[in-house]
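S.K.: If you want our numbering, it's the position in the sequence shown, counting the first as 1, plus 49.
Think of the hints as simulated: they come from the structure by calculation, not from any bench. Check before you lean on any hint, since a few could be wrong.
Unchecked claim - Calculated pairs, EDC-like style, for lysine to aspartate or glutamate (alpha carbon to alpha carbon, straight line, at most 16 angstroms):
| no. | residue 1 | residue 2 |
| --- | --- | --- |
| 1 | Lys-291 | Glu-270 |
| 2 | Lys-387 | Glu-270 |
| 3 | Lys-67 | Glu-100 |
| 4 | Lys-209 | Glu-187 |
| 5 | Lys-293 | Glu-270 |
| 6 | Lys-99 | Asp-79 |
| 7 | Lys-133 | Asp-79 |
| 8 | Lys-67 | Asp-141 |
| 9 | Lys-97 | Glu-131 |
Source: prediction; values computed, not measured.
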Amino acid sequence: MKIFYLDLDPLKFNSRAKKILISSNNRGIDTQFIGCSKDKFKFDNGIKVKEFSFYANFPLKLRIIFFWITTTLFMIKEILKEGKPKYIYSNDIYPMLPAYTIKLIFNIDIIYDSHEYWRGHSALKKDSLSYKFWIGYESFLIKKFDEVITVGKEIAKLLKSDHSLKKLPHIIPNIPDTKIKDLRSDYIRERYSLSRDTFIFIYQGSLYKGDSFDKIIGAVENIENCALVVVSHKMERIDEYKRKYKHILEKKIFFHEGVDLDSLAKITSSANCGLTIFENLGESFYYSVPNKMFEYLASSIPQVVSNFPEIERYVVKNGIGVSVDPHNEKEIFTTLLKISTDKGFYNRLKERSFDMRDSFKWENYFDKVFDNF
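Let the sequences and hints guide you as you build the complete structure.
M.R.: Right, here's the structure in full:
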């Protein structure tokens with residue numbers, strides 16, 4: 050069996066795409082990735098990758114148009130040369146159009162993997178032309194797809210209701226590969242010369258708009274013997290924070306460049322507590338199931354998270370962390386203080402995290418969904 054896997058985002062930093070490609074390859078599926086990036090990525094296991102680079106730095110709207118054209122033409126050429134794939138996999142909203150175009154031409158089944166709730170996307174201003182276009186685009190095309198996948202139960206319910214889908218979308222959360230679970234390191238302490246009694250918080254991924262991150266820094270600044278390490282490959286907002294908090298930069302706050310998933314696991318496992326605190330900037334945030342939540346669990350470190358339903362379903366319900374109101378500065382401070390100073394409380398969360406780390410396996414979700422196809 051063969052699958053074409055389409056994604057506008059660079060494969061280098063796309064952990065979900067890599068996991069699906071590797072899992073597909075492990076099942077004996079001939080997998081071809083088609084995307085766009087100036088940094089071309091290669092696998093060691095025979096997975097084919099085609100990333101167009103000449104338009105990788107174009108503005109987003111222009112990049113999307115070129116992606117639609119080049120991806121469609123490349124698939125037509127490959128099908129005429131090598132034969133039809135069993136499925137075309139649209140990773141996120143942008144590849145839906147080329148996937149559907151090829152379905153019309155060659156009668157190939159198509160899969161849509163919706164990572165977030167686009168009707169509640171904070172980057173799209175409601176009633177704007179862009180909002181109307183993308184909502185109409187998704188609403189029209191999603192009904193043409195043979196299978197739909199998303200990351201959580203609430204988004205699955207919303208997609209089914211909004212688009213009158215015949216069945217509930219499949220669910221594959223952003224769980225990391227289990228092979229990273231036995232890593233332990235002192236990477237952070239050694240890199241930043243932190244003492245053994247320093248309690249290390251880690252925040253992975255994008256820094257979103259709003260002031261919840263300022264509240265986190267304010268808490269860390271006022272708690273003794275603790276530090277915050279931020280790992281992100283999106284540097285725009287990081288430069289802003291470096292200027293704003295230069296008085297404690299490299300003392301209590303450390304910014305680490307983005308890394309691949311395996312390297313990230315080494316960094317994560319050297320921290321004491323993971324943070325998934327961000328504001329409710331729209332329904333896509335409120336119902337999100339962030340990658341970092343499972344990456345912290347895979348490294349058996351407790352978590353402090355925003356009090357959103359899907360996040361609490363995994364973290365609070367399973368006793369692997371606690372939730373806070375991301376708008377409440379005092380609550381964030383008191384919670385970070387308690388988890389960093391109350392050893393009994395922290396150790397209970399850590400032991401539970403260790404016990405629960407095998408309860409959420411990427412392979413279980415992936416195999417269950419793909420066995421249905």
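S.K.: With a cut-off of 16 angstroms on the C-alpha distance, tell me whether Lys-99 and Asp-79 pass.
M.R.: Holds, at roughly 14 angstroms.
S.K.: Would you check the hint for Lys-209 and Glu-187, treating anything up to 16 angstroms between C-alpha atoms as holding?
M.R.: 12 angstroms, holds
S.K.: Checking one constraint from the list: CA of Lys-97 to CA of Glu-131, max 16 angstroms. Satisfied?
M.R.: Status holds; Cα separation ~13 angstroms.
S.K.: Hinted pair, alpha-carbon criterion (16 angstroms max): Lys-67, Glu-100. Please report holds or violated.
M.R.: Given that 16 angstroms is the threshold and the Cα spacing comes to 14 angstroms, the pair holds.
S.K.: Are the Cα atoms of Lys-291 and Glu-270 separated by 16 angstroms or less?
M.R.: 14 angstroms, holds
S.K.: Please work out if Lys-293 and Glu-270 have their alpha carbons no farther apart than 16 angstroms.
M.R.: The given pair, whose Cα atoms are some 13 angstroms apart, holds under the 16 angstroms limit.
S.K.: Does Asp-79 sit within 16 angstroms of Lys-133, going by the straight-line distance between their CA atoms?
M.R.: At roughly 11 angstroms apart (the allowed maximum being 16 angstroms), Asp-79 and Lys-133 satisfy the hint.
S.K.: Mind checking the alpha carbons of Lys-387 and Glu-270 for me, to see if they're no more than 16 angstroms apart?
M.R.: Given pair Lys-387, Glu-270 holds - Cα atoms ~15 angstroms apart, limit 16 angstroms.
S.K.: Decide if the proposed pair is consistent with the structure: Lys-67 and Asp-141, CA atoms, cutoff 16 angstroms inclusive.
M.R.: 14 angstroms, holds
Hint compliance for this structure: every hint is met.
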